[in-house]
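In order, the protein sequences belong to chains A and B.
Per the numbering used here: the first sequence = residues -12 to 101.
Per the numbering used here: the second sequence = residues 526 to 637.
In case anyone wonders, no lab produced these hints; they're calculated from the structure.
Check before you lean on any hint, since a few could be wrong.
What the hints assert, rightly or not - Which residues of chain B face chain A? A partial, calculated answer using Cβ under 8 Å:
1) P533
2) K567
3) G568
4) G580
5) H597
6) F614
7) L625
8) F627
9) K629
Please read all numbers here as calculations on a predicted model, not as lab measurements.
Idealized CB from N, CA, C, for every residue including glycine.
Chain by chain, the residues run as shown.
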Amino acid sequence: ETGVTQTPRHLVMGMTNKKSLKCEQHLGHNAMYWYKQSAKKPLELMFVYNFKEQTENNSVPSRFSPECPNSSHLFLHLHTLQPEDSALYLCASSSPLAGANVLTFGAGSRLTVL
Amino acid sequence: GENVEQHPSTLSVQEGDSAVIKCTYSDSASNYFPWYKQELGKGPQLIIDIRSNVGEKKDQRIAVTLNKTAKHFSLHITETQPEDSAVYFCAASFSGNTPLVFGKGTRLSVIA
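Given the sequences, and given the hints that come with them, work out the whole structure.
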């Protein structure tokens, strides 16, 4: 247990469904991240939030919609996804005290789009 | 922008042998180089990192070396054990203000 909890761990959805991924951390970190992990590709940064404000959006399609209601919670809302969106979605957090780039990752949410 | 290349993509070693994974980066301004280990069913976990003001850092059986001139850095694992089997990722960034850029990962298998 790293202190970053992601739910659900597995999700299967159709292309017309709407679902959400949830991430929660109680490490006192102020920055939260969404990464996409696909086979044989580097980890792809999707979104970054610092103190609840989005500071990075890496040209992510609008069918992915992030939400950060507070520094401890991060959501990724999914709608009208494509099969190529099937991947492991990782949430991470960091603190300026440890260094902004020292990331603590959750275990990930494995998404399958049918 | 930064680009990180990692080799090899897979590596098999006998238990007790050493393993070396190498990464190169493109942006000479990068000055922070972490290594993450990802075990099956888990997220990546930071195992060691190095900043550009040092050339080598060691923590028990793992060490990282950095060659700024050549823009490459390496992870060395000595006396490998089965529990070292995992996917290892290198990454690079400039200071703490820019996002990490990751390599594609190396799947290490330690054969007992």
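Verification of the hints:
1. P533: It is violated, given that the least Cβ distance between B:P533 and chain A is near 13 Å, above 8 Å.
2. K567: holds, 5 Å
3. G568: Because about 3 Å separates B:G568 from the closest Cβ in chain A, which is inside the 8 Å limit, the hint holds.
4. G580: Check failed: Cβ of B:G580 comes no nearer than 19 Å to chain A, outside 8 Å.
5. H597: This hint is violated: B:H597 lies away from chain A, its Cβ roughly 17 Å from the closest one there, beyond 8 Å.
6. F614: Holds - the Cβ of B:F614 comes within 8 Å of chain A, reaching about 7 Å at its closest.
7. L625: holds, 5 Å
8. F627: It holds, given that the least Cβ distance between B:F627 and chain A is near 4 Å, below 8 Å.
9. K629: This interface hint holds because 5 Å falls under the 8 Å limit.
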